[in-house]
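Chemist: For reference, the chains in residue letters:
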Amino acid sequence: MEYTEIMVRYGELSTKGHNKKNFIDRLGANVRKALHRFEQVKVHAQRDRLHVELNGANYDQVMNRLKDVFGIQNFSPSIRVDKTFAATAAAAVKMVQEQVDHPITFKINTRRSDHKFPIDTFEMNDRLGGYLLQKFPDLLKVDVHHPDLTIRVEIRLNGIFLSSETIQGAGGLPVGTAGKGMMMLSGGIDSPVAAYLGMKRGVSMEMVHFFSPPYTSPQALAKAKQLTAKLARYSGSIRFIQVPFAEIQETVKEKVPEGYLMTVQRRMMLRLAAALTMKRHGLAIFNGESLGQVASQTMESMLVINDVTNLPVLRPVLSFDKTEIIALAKQIDTYDLSILPYEDCCTVFTPPSPKTKPNLERTRKYEQRLDIDGLIKRALDGIKITEIHNGEDFLNQNEDVFAELL
Amino acid sequence: MIYFDNSATTKVAPEVLQTYDTVSQKIWGNPSSLHSWGENAWNLLEQARQQIADLFHVKPSEIIFTSGGSEGDNWVIKGTAMAKHRFGKHIITTSVEHAAVRNPTQQLKDLGFDITYLPVDKEGRINPADVKAAIRPDTILVSIMAVNNEIGTIQPIKEVGEILKDYPNIHYHVDAVQAIGKGLDDLVFSDRVDFATFSGHKFHAPRGTGFVFVRSGRKLAPLVAGGGQERTLRSGTENTPGDVAMARAIRLVKENEAAAVKREQAIKERIYDHISKFDHVHMISGRDKGFAPHILCFAIEGVRGETIVHAFEDQNIFISTTSACSSKKHSEAGTLAAMKVPDNIATSAVRISLGDQNTLEEADQFNKVFDQLYAGFKKIIE
Chain H
1 MEYTEIMVRY
11 GELSTKGHNK
21 KNFIDRLGAN
31 VRKALHRFEQ
41 VKVHAQRDRL
51 HVELNGANYD
61 QVMNRLKDVF
71 GIQNFSPSIR
81 VDKTFAATAA
91 AAVKMVQEQV
101 DHPITFKINT
111 RRSDHKFPID
121 TFEMNDRLGG
131 YLLQKFPDLL
141 KVDVHHPDLT
151 IRVEIRLNGI
161 FLSSETIQGA
171 GGLPVGTAGK
181 GMMMLSGGID
191 SPVAAYLGMK
201 RGVSMEMVHF
211 FSPPYTSPQA
221 LAKAKQLTAK
231 LARYSGSIRF
241 IQVPFAEIQE
251 TVKEKVPEGY
261 LMTVQRRMML
271 RLAAALTMKR
281 HGLAIFNGES
291 LGQVASQTME
301 SMLVINDVTN
311 LPVLRPVLSF
321 DKTEIIALAK
331 QIDTYDLSIL
341 PYEDCCTVFT
351 PPSPKTKPNL
361 ERTRKYEQRL
371 DIDGLIKRAL
381 DGIKITEIHN
391 GEDFLNQNED
401 VFAELL
Chain U
1 MIYFDNSATT
11 KVAPEVLQTY
21 DTVSQKIWGN
31 PSSLHSWGEN
41 AWNLLEQARQ
51 QIADLFHVKP
61 SEIIFTSGGS
71 EGDNWVIKGT
81 AMAKHRFGKH
91 IITTSVEHAA
101 VRNPTQQLKD
111 LGFDITYLPV
121 DKEGRINPAD
131 VKAAIRPDTI
141 LVSIMAVNNE
151 IGTIQPIKEV
161 GEILKDYPNI
171 HYHVDAVQAI
181 GKGLDDLVFS
191 DRVDFATFSG
201 HKFHAPRGTG
211 FVFVRSGRKL
221 APLVAGGGQE
231 RTLRSGTENT
241 PGDVAMARAI
251 RLVKENEAAA
261 VKREQAIKER
271 IYDHISKFDH
281 VHMISGRDKG
291 FAPHILCFAI
301 EGVRGETIVH
311 AFEDQNIFIS
321 TTSACSSKKH
331 SEAGTLAAMK
341 VPDNIATSAV
351 RISLGDQNTL
361 EEADQFNKVF
371 DQLYAGFKKI
381 IE
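So the protein sequences, as listed, match chains H and U.
Per my numbering, residue 1 is the first one in the first sequence, and the count goes up by one each step.
Per my numbering, residue 1 is the first one in the second sequence, and the count goes up by one each step.
Here chain U stands alone, though its shape is the one from the complex (with noise of 0.2 Å):
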């Protein structure tokens, strides 16, 4: 089996679950409790953070756990409006946006706030002078995601945080699931960055874990309230086997980050270097600098999406229709029709997302099976 899906989800590390098990065993009392057994839990809880926070070098109070990408994005929308509602009830985010981001900010208009979707180039990026002209006095949130999920774009986002430094009361919101591991920390954590946001299971952590970079400062209304953990940003007794077994995750991701980026770059520009020279194929995924060196998205065109996937799935393929979330729902992809990509070729688009586990013989694998089905592919096509 070869797993070219690694943007939808990854699989657990062994040793990242090992922890998990060791720690719903052995260490579970509540972090909140009073005695030594939950006092436990909580250095260890704490210990975990102190990692995380050192991995990315910020401080351990700046990192607050979640369930993971969709909490997190959700938290930081509806957190800055009901923090700053007050303030202003405008909201700039971009028209390629996740639907963790662009659904949140939806739910937002239903109730009064006005978003401003920026328009995209060719290759998914936003101009960084239309984030300027769209601030208003009442803008309370700029929210752009780091490297887009369906093609690979990574977005300016420190040339955003450069229009931004002059408009400090402005939360500036990162949503960063698809950026983790991918030698990108520099954009992510930037000076002008407030929030960030990310998930566990893209990186060899268990589902249900995440967590949220909070700029020291900067103010959230908890979305989850209750119990008051967290430091009262976000309530629920902590997963602690998760959230510990996530630092592990990241800890082993940081370790292999350089060695991954250069092999997942250079499977990806074996496979690009080889589809592209086909007539019937669009390459939609930039090769080089701008695009994250894990996301290859294409188009046979004249063939579905759906029928390019299952076609690898009978060769023991695995890669997607742009982003697993809105694939099964037969709805074009909101970044291709953000990119104008006309109808025809964007419902034929496919994603290829890479881990640090694939190989270059995987992608000469991909290459000789690709061959095989373009063949017959040509017969429809014609």
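Bound conformation, chain H alone (with noise of 0.2 Å):
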């Protein structure tokens, strides 16, 4: 079947109310992005539906892009005829033609936003449905309430269109629609699966990585790299801003406490990124934290490490077991990546035994040592921000030299 348009139906966001227009806007401009490399493709954002004019694009590789954008519920690949009966039947007997090589039941689904149009809803069901009974006797039966097959007709004022194909969308909310929110991407399986859900719900991510040469190495910077740009998918491009962390990690180790040094730490890190996100308008910190995974993850931990900022700090996973998150970084493809064996900044300087329940007073006293406005300022001193793009290749720099091997 030669498509003509994609016709994708919202999800959530058309009962957002007076919000809706930004809504519709932003998804609009998402599709507009995800689809920018089919030059011939129009996109039409409308109160009702989105229209993805296809204009001879490859309708498989554009719906496959458009699974990846949220906002979507879902969408159908739909071709456009003539406004006429005969038009339109000869379309539905092709589709059948191709669909259909065994006995199923089916029914026809009239949608008219055309008044003037003069066959009616009732009408177009009942002669469009007794035409294709006539023309395929065997193969078809109708059932309207439990149909194998659904033809649905639009009667549009520019023009007619069919489709029998209903594909599920990602759902959630456009991004960008929630604001800004700056992601702390350690490269582990938690943080990307955090982030995703975070974009989920509209948030436009930036992603920060701490890390700390030579105690960390530069493929580790390179996987949370890949990972950004494994993610990048869902929102064409990710901003990924590199915090160097060893002089704080050095200063940490030497002046405190080992007990404390993975807490003392994690609020280096917090404040390094609620700085962060107020300089670049941010609304909200992002983590992959999940309660009670690890020592840093308890409540009392949160509590402690959490006292050095007043902005949201959210945690997409909080209650989902490992299990479970897993199975979400596997859908995402970002767990293979994840599961790399790279020393990155959470697991070196990681004491023996640090405290599963650390004490707030404690905990600040022991910071006292610490210069701590000259080691947050020489670190945001030293951030490198680099935009990524949905399918760079970090890990495998020699790609395309390594192809002329094989």
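Each hint should be verified, as a subset may be incorrect.
Stated by the list, open to error - The calculated lysine-lysine pairs, modelled on BS3-like cross-linking and capped at a C-alpha distance of 30 Å, are: (1) Lys59(U) - Lys200(H); (2) Lys59(U) - Lys330(H); (3) Lys59(U) - Lys322(H); (4) Lys330(H) - Lys165(U); (5) Lys165(U) - Lys132(U).
As the list claims (entries may be wrong) - Computed from the model, here is a short list of chain U residues facing chain H with C-beta under 7 Å: (6) Thr19; (7) Asn43; (8) Gln47; (9) Val244; (10) Ala247; (11) Arg248; (12) Val281; (13) His282.
These are computed hints drawn from the structure, not numbers from a lab.
All residues carry an ideal CB built from backbone N, CA and C; glycine is no exception.
If you follow the hints, you should be able to join the two separate chains into one complex; please do so.
Modeler: Listed below in structure tokens is the structure:
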């Protein structure tokens, strides 16, 4: 079937009252961004639906990209025909011929927004259904309640559109409608999943990654960037902010008792993330913490670590089991990257037995030994920001050279 | 020279050798090393794995590099035995397998495993119903070759797969060494096949290369345990130049596959149609569907196989007694015996095996030489 357009149905955003226009505009922009390499495609974001006019673009490829755009409930590849019954019937016959090879039940579902069109909804259902029955007496039977095949007919001002398939979209809210968040991305399994879930609720994410050469390897940095490139398919591109952390780790190690190393390091990370959030007009900090998973992720630890900022610290995977997080990581294809065995900033300088119930007063007291403002300032002065695009490769930089050998 | 012994081995392709050379000289780090020199080699190896996976439409994690066909067969059979012996000790295979399958099963027999060797019909083919009848509660493995190396019979891999769908716990292995590049991927990678063994030197890759397809979720114990390479399934420092060269060889084979299969089939038919007319010639391979396009086995009754091989060799044409591996041992071929071919014909059998380099002109030349040699042989036959 040569489809001419993809009809996209909105998800939750159709219930969002006066914000609706913002949502639709943002979704339209996100869809355009996702489809930018299909030059001939035209995107029309309208009140009730979004229409992707294909103009000859490969509809399989276009639909594949649409599956990653949040805010889409589902979509249907459609074919546009002239506004006559004959053209509609011919297209429906072709649909049946291509899709049906054994006896099934069907129904016609007509929607008419052009009320001047002479055939009304009921008549179209009746006539087209009857026509198909007569054409395919051995293949088709009507069942209006549980049909195997539903042929949708939409009579609009600019043509009649037929479709028979509905493909699930990614759901959620359009990225950007919830504002900007700073994601603390380590490179483990949890933080990419948390980033994905935040983006799914409309957050435009920026990644904050702490790296500590020579304690962490260049591969660990490349891995975090690679994960960002994976997640960028939900938003087109993501800013990646690398923050040098070695000086802080060395200083903390020197001055703070072993049991509090982790707690103080985390507080320093959160201070840096908070400073970046304020500076870059973000609204919240996101991380991949899951309650009780490791020492820093007890409620007692969260209380003490959270003490350094008033910004909301949002934890999308807080109540998930590890197995649930892994299942999601596999679904969004970050799992295989996350388990690559490179040391990251969370695994070096980890004391053998960190306090699971740190004391806030004691933590504050130990921190008085540090020049907090100086350490934070020097780290922020050393940040590097990279714009990372969907599909970029950081782990295997020689891919093209290698392709010559293969 | 006409080389008609491609099932024994093939010549390394020049561009494949080029890759081997470049990788050996320039990307020689140990893929398991932490530093960037090793990392680079790792990336190359993984890119090669990805390419192979893409060419066969499987996942990269399902491709495990080995040293070749014998290792692959041994691994799947013994690895299954080690991983699953608590669930049962019964293995089903055929009476026409390559020695790399037959002998490991014999070794397991000595360790107390029970092996069923399925019979074959006069075309060397098993009956899927026999597989079903042989299955027992303690069966852990069914191992069947895709293409017989001696006479080219294609086995009913899909039909057996259908039967095994009712027995999801049984491992299903296909020795696919003779099946690569012959238009048989649908068979070898059909949905119920768990393991498939391949050997590099059969398709213009260097000796000592090969891989096994291991379906996700299927467990094999490693045969070579050690440093944990290949996700602990096959230890030993990775053969980066060999594996990368093999990935290239596979790409070349797949690119030429459709044309090569057509040409090999045409060569086979031209020779078949010519020599089958002679009184004392017995055609053992079939001509058409049901047999691989590249293998043709026949006998000249009354002339020993070795004699035929050497006579052709004198004319600069290289063919083989049935299987190169057993051809020096003066034992009649396993496959022919299983097919109940009479001894006097089995000892007279020779095999032509074609490759993608062979031409129709070579078939004509072969036929011409055949006529001359046959005229000479006639004197000893009659």
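Chemist: State for each hint whether it applies.
Modeler: Do the hints match the structure? See the list:
Only pairs whose Cα atoms come within 30 Å are accepted, and lysine 59(U) paired with lysine 200(H) is accepted, the gap being roughly 28 Å. As the CA atoms of lysine 59(U) and lysine 330(H) are separated by approximately 14 Å, the hinted pair is consistent with the 30 Å bound. A distance of roughly 24 Å separates the Cα atoms of lysine 59(U) and lysine 322(H); the hinted pair therefore holds under the 30 Å criterion. Restraint check for lysine 330(H) and lysine 165(U): the C-alpha separation of about 27 Å stays at or below 30 Å, so the hint holds.
Restraint check for lysine 165(U) and lysine 132(U): satisfied, since their Cα atoms lie roughly 11 Å apart, inside the 30 Å limit. The criterion of a C-beta within 7 Å of any C-beta in chain H is met by threonine 19(U), whose closest approach is roughly 5 Å, and the hint holds. About 4 Å separates the beta-carbon of asparagine 43(U) from the nearest beta-carbon of chain H, less than 7 Å, and the hint is met. The beta carbon of glutamine 47(U) comes within 5 Å of a beta carbon in chain H, closer than 7 Å, and the hint placing it at the interface holds.
Because the closest C-beta pair between valine 244(U) and chain H is about 6 Å apart, less than 7 Å, the hint holds. Because the beta carbon of alanine 247(U) sits about 5 Å from the nearest beta carbon in chain H, less than 7 Å, this interface hint is met. Interface restraint check for arginine 248(U): the shortest CB-CB distance to chain H comes to about 5 Å, inside 7 Å, so the restraint holds. Annotation: valine 281(U) was flagged as interfacial toward chain H, and the flag is violated, the nearest CB pair being 44 Å apart, outside 7 Å.
Hint on histidine 282(U) is violated. Least Cβ distance to chain H is approximately 45 Å, over the 7 Å limit.
When each numbered hint is compared with the structure, violations occur for hints 12 and 13.
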